[in-house]
Amino acid sequence: MNKALLPMPIHTAVLLLTWLLLNDFSIGHLLLGSLLAVLIPWLVAPLSDPQAPVRKPGKALVYALIVLWDILRSNIEVAILVMRPNRSLRPALLALPLDIQGDLPQALLASTISLTPGTVSMDFSEDRRWLYIHALHVTDEQALLRSIKERYEAPLKEIFAC
Amino acid sequence: MTLYEWFIAALLVIGGLFTLIGALGMVKLPDLYTRLHAPTKATTMGIGCILLASMLMRLDRNEGFGIQELVISLFLFITAPVSAYMIAKAAMHLRVPLQPGSDPHRLLEKARDQQPPQ
Chain A
0 MNKALLPMPI HTAVLLLTWL LLNDFSIGHL LLGSLLAVLI PWLVAPLSDP QAPVRKPGKA
60 LVYALIVLWD ILRSNIEVAI LVMRPNRSLR PALLALPLDI QGDLPQALLA STISLTPGTV
120 SMDFSEDRRW LYIHALHVTD EQALLRSIKE RYEAPLKEIF AC
Chain B
0 MTLYEWFIAA LLVIGGLFTL IGALGMVKLP DLYTRLHAPT KATTMGIGCI LLASMLMRLD
60 RNEGFGIQEL VISLFLFITA PVSAYMIAKA AMHLRVPLQP GSDPHRLLEK ARDQQPPQ
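Same order as they appear, the protein sequences are chains A and B.
Quick note on numbering that gives the first Met the number 0: the first sequence kicks off at 0 and runs consecutively.
Quick note on numbering that gives the first Met the number 0: the second sequence kicks off at 0 and runs consecutively.
This is chain A alone, in the form it adopts within the complex:
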């Protein structure tokens, strides 16, 4: 495949498919979709950084399912916390030591933390070895940090082999 013409072949395919699914199929939309699917990657390819490749796609799928389940759980947990009186809340700011490195794995970890039980990522330290987390309700800081490391960081580390 010609690298100069189609710099991001997977993105091109996904874009065309999405365009056809969002609009009703017709020759006009096929042409317009193809045009956009070639032009957009061509425009944005220079902006993309090289990222760590996914080494274990199967593990990534399992991870996505775990996170989806945890989102469900965390929604119910946060809803209950919100309904309870404010004085029973114990919010806390925590520092999570990071083992994984690389932009994409760390961004995924930070997003996962924001979407799951009672925690929001706040910022990284400059050397990217610490992630600051705000938790809505903490009873045991060490247990929370440990569970994040075991449940999310360890699988991400395996998926990206970093």
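A portion of the hints provided could be inaccurate.
To be verified - Derived lysine to any residue pairs resembling SDA-like cross-links, with alpha carbons at most 20 Å apart: (1) B:Lys109 <-> A:Asp126; (2) B:Lys88 <-> A:Ser110; (3) B:Lys88 <-> A:Arg127; (4) B:Lys109 <-> A:Pro96; (5) A:Lys55 <-> A:Tyr151.
The hints are simulated quantities; they were obtained by calculation from the structure and are not laboratory data.
Start from chain A and add chain B according to the hints.
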């Protein structure tokens, strides 16, 4: 009403309830940082339920598979953590105070300067 329609109705009610609780959290939680939790979570769930109901309804009426709903939920899951992160970062730089007692180790100063905790 068929059982299927009852199920869709139940999803809409649950979705509405979670969105309401999310909005309520925005009003009643004690500081900006705790208020961040309500819209990033409760609301994602609420909108997820409503979109699922919409997808099931379309399937029932043979109006095809609801790809729009899938795209909406995907964008929601991608943008919610990013916007929460940006708001938290902005709040730290503007020195928005934490609720007393929630930062015993004085990490907020370190987090703002992006320094390691020790």
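How the hints compare with the structure:
| no. | hint | result |
| --- | --- | --- |
| 1 | B:Lys109 <-> A:Asp126 | 12 Å, holds |
| 2 | B:Lys88 <-> A:Ser110 | 14 Å, holds |
| 3 | B:Lys88 <-> A:Arg127 | 16 Å, holds |
| 4 | B:Lys109 <-> A:Pro96 | 14 Å, holds |
| 5 | A:Lys55 <-> A:Tyr151 | 15 Å, holds |
Violated hints are absent here; each numbered hint is respected by the structure.
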